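Heads up: the protein sequence lines correspond to chains A and B, in order.
For the first sequence, my numbering assigns the number 893 to the initial residue and increments by one for each residue that follows.
For the second sequence, my numbering assigns the number 2 to the initial residue and increments by one for each residue that follows.
Since the hints were made in silico from the structure, they are not lab data.
These numbers were taken from a predicted model, which means no experiment stands behind them.
Glycine residues also receive a C-beta, built at the ideal position from the N, C-alpha and C atoms.
Certain hints may be false.
[Unchecked claim] Derived Cβ-Cβ restraints for the label pairs, each shown as a range:
| id | chain 1 | residue 1 | chain 2 | residue 2 | range |
| --- | --- | --- | --- | --- | --- |
| 1 | B | Ala89 | A | Ile1278 | 38 to 44 Å |
| 2 | A | Ala1033 | B | Asp85 | 19 to 25 Å |
| 3 | A | Asp1105 | B | Trp147 | 44 to 50 Å |
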Amino acid sequence: MRRVASYLMVFVAAAGGCDDRSAPSRRTITDSRDNYDPRSLDPALSTDVPTGRAVAYVFDGLTRFTPDAKVEPGLAERWELLPGAAPAYRFHLRQGVQFHDGTPFTAQHVVSSWERALNPATKGGRAEPLQPILGARDFAAGRAKSIRGLRIVDDSTLTVALEQPLGIFPKLLAMPVASVVLPNLDPARPVGTGPWRFVEWKHDDYLLFAKNDSYWAGAPPADSLRARIIAEPSTAVAEFESGAVDLLLVPANDTKRWEVGGDAVMMSVPALQLVYVGINATRGPLKDARVRRAINLAIDRREIVDRLISGRGRLAAGVIPPTLGGADTARAPYPFDVTTARKLLAEAGFANGIDVELWVGSNPVYVRIAEAIQGYLTAAKIRAKIVQRESAAAREAARNGVADMILKDWYADYPDAENFLYPLLHSANKGVGGNVSFFADAGFDRLMSQARAEPNEGNRNVLYRQADSIAFDQAPMVFLFFYNELYAVQPWLTGFTPPVIFNGQRWLTANLEGGRRKEEGSR
Amino acid sequence: MTGFLARRLLLAVPTLFGVLVVVFLLLYVAPGDPVTAMVGERADAETIARLRHELRLDDPLPVRFGHYAGAVLRGDLGRSYITDRPIAADIRERFPKTLELAAAAMLFASVMGISLGVLSARWPGGWTDRLALGASYLGVSYPVYWVALLLILLFAVQLQWLPASGYGGWKYLVLPALALGMRSVAFLARVTRSAMLEALSADYVRSARAKGAQEWVVVGRHALRNALIPVITVLGIDFGSYLTGSILTETVFSWPGIGRYVVNAIARRDLPAIQGTVLFLSLTFVFVNLLADIAYAKADPRISYR
Chain A
893 MRRVASYLMV FVAAAGGCDD RSAPSRRTIT DSRDNYDPRS LDPALSTDVP
943 TGRAVAYVFD GLTRFTPDAK VEPGLAERWE LLPGAAPAYR FHLRQGVQFH
993 DGTPFTAQHV VSSWERALNP ATKGGRAEPL QPILGARDFA AGRAKSIRGL
1043 RIVDDSTLTV ALEQPLGIFP KLLAMPVASV VLPNLDPARP VGTGPWRFVE
1093 WKHDDYLLFA KNDSYWAGAP PADSLRARII AEPSTAVAEF ESGAVDLLLV
1143 PANDTKRWEV GGDAVMMSVP ALQLVYVGIN ATRGPLKDAR VRRAINLAID
1193 RREIVDRLIS GRGRLAAGVI PPTLGGADTA RAPYPFDVTT ARKLLAEAGF
1243 ANGIDVELWV GSNPVYVRIA EAIQGYLTAA KIRAKIVQRE SAAAREAARN
1293 GVADMILKDW YADYPDAENF LYPLLHSANK GVGGNVSFFA DAGFDRLMSQ
1343 ARAEPNEGNR NVLYRQADSI AFDQAPMVFL FFYNELYAVQ PWLTGFTPPV
1393 IFNGQRWLTA NLEGGRRKEE GSR
Chain B
2 MTGFLARRLL LAVPTLFGVL VVVFLLLYVA PGDPVTAMVG ERADAETIAR
52 LRHELRLDDP LPVRFGHYAG AVLRGDLGRS YITDRPIAAD IRERFPKTLE
102 LAAAAMLFAS VMGISLGVLS ARWPGGWTDR LALGASYLGV SYPVYWVALL
152 LILLFAVQLQ WLPASGYGGW KYLVLPALAL GMRSVAFLAR VTRSAMLEAL
202 SADYVRSARA KGAQEWVVVG RHALRNALIP VITVLGIDFG SYLTGSILTE
252 TVFSWPGIGR YVVNAIARRD LPAIQGTVLF LSLTFVFVNL LADIAYAKAD
302 PRISYR
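Please take these sequences and the hints and turn them into a complete structure.
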């Protein structure tokens, strides 16, 4: 019996070292990141990461993101803001681009794609990136037969008028829902202009793509690409260790082992993901900014990041991720200072402390963080009761304003500070829009309105920074940390750059080096 | 027999209707709004209201139930809220894979389990008996999940004999079938053993031996056949539960079966998908039980149905 047990231990321990791996004979890049089946390959239905990633392989938008989350020309070669009172862009489209079936791409396809995405019959439900277009809302509501703001000048020129000035509009066009499709799109056999042609989709198993030899930006170097759908993170780890997949997102609880090293090339990249505690600034003692600051001061973020997420986070001092324009990287996060926290509480008239509810969803890591926060708050006489619910239910409670505080995260849809500041804290987005803090600050709102209308990126970033500074001071949330993704890459996979935004990496430079041996192919 | 079958099938109708009602109500009272899950983190109130209306979520409960039951009777399980694909097609795609896994696991379990049970009953206290006892304790006590990961670590990562996960030829089938069948091996061995011990001490076994029948005939034909009834019961129940989605096994091995489908549907609050799958699986369960009943009659001629 003891011997059996020791064998088992050997297996478990052996899993730690990833020795003896040689380059695979396969020619298909194999990805292990998707942990559930994409919703659809219809760009109009793209609301989740696996879908958005796959859509970016098959389709193009007028603009696209680079792996480091810069916006660059896509199907539009260039664009300019037209002079005049009404905000409008002129897009110059790439000529000679063909869909995978040979259909030549024209401006008409852009219009029909966007109409399709906005059409309620498509059941998309997430066409927000297109809603700033003049007349888009009327069209979506069935009050107009076409989108008033779109005008086809010729096959390769399109003007887009907006309802209001919106400096980040070109960025929004890199989102999956704004992709250009053929009018008769069949989600089971999608045809786009993207770098990869769709080959097959075995639901809950894998998606297979082949390179588009005539891609306008040059064909990808690898022949084919398989996106495996692996539900269980430990299984993905095993697949990586057996050499069957080329890329792994290291699960948070497995970090330490990977940092020790092995053959795999480790790459850490800041994700555009803020983990925070929304504080409902309209409920009881939480109305007082001093109380909210006290909560921020009472929590030891550094310890939470180090102990509970293996150090894979950067402490947040505001809501703008440090990789995005507008972030004030010099600003220090709230220090861990229980004395000051108690003093602030007393000043606000709560010398005996306060009672609050802290809601959290079902993610076990977040539950542990919530418990840690509860412990810290107790020391500052803030008695937090943890309310754990299924994630959608917790989110709904927060949106309906019945949760004092909620621990949650926020991922960027597009890499711009606006995508954090505006939905999370603008008064127009209270509740269902994403502002679960029910924060309303006239100064903040004014800065954000100005920033949204500002076409110049530099000026916009200044306004973002000011707005973020107000938010930091008013503390409508506990600014916890920005998460870092950790990638493990097989030594034989070259040319891969980990993306900051989910649809920013399309395997345009990646390849498998077939013959490379283990000795040469280390870090 | 035909009359019996007809009656059993008729009886299944109220059962399935009950399932329909319960599934419908359970999801209605469960917290969380399907529309919230559909649109993701952010969407404007207008979109949410429109979707609620489109999905008939604003209709009174009985009206919604009526719509649903009517469609089901026409064989239409509806379309997924999330993927917009027909649920019946989704089930048709996944169920054969679950069936394949369940059959392989059952084959492994019955061969191993019954053999171990028979051997340990024939020589109680012998080394096969003690091995079988030990194995069944392990089989019952260790969670499938853990065993599955160990199998992957050994056969896929260390030895590299078999793929760790996915769906394909027999190579992909071995590990999940072993992991899934292991619990049944344990149960079956124990049930077979006790039934066989009883049978082997029966008068007819003594008579068979007295008339000079060979030992394997005594054990295999006389004793085992009589001991089969409880074994069939266990087989039937286990097979039924495998078919209704071995969620853990399918998840760990990334097996694209019905278990993962239903878990995904639950996670995304995909009401029609959950309802359709549960309804279909209940039907499957009823059907497997019916098969077990028929198997009783085959195994024991004294059992007959009228």
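Structure-based check of each hint:
Range check, B:Ala89 to A:Ile1278: Cβ separation about 42 Å, and the 38 to 44 Å hint holds. At roughly 21 Å, the beta-carbon separation of A:Ala1033 and B:Asp85 lies within the given 19 to 25 Å, and the hint holds. The hint said 44 to 50 Å for the Cβ distance between A:Asp1105 and B:Trp147, and at roughly 47 Å that hint holds.
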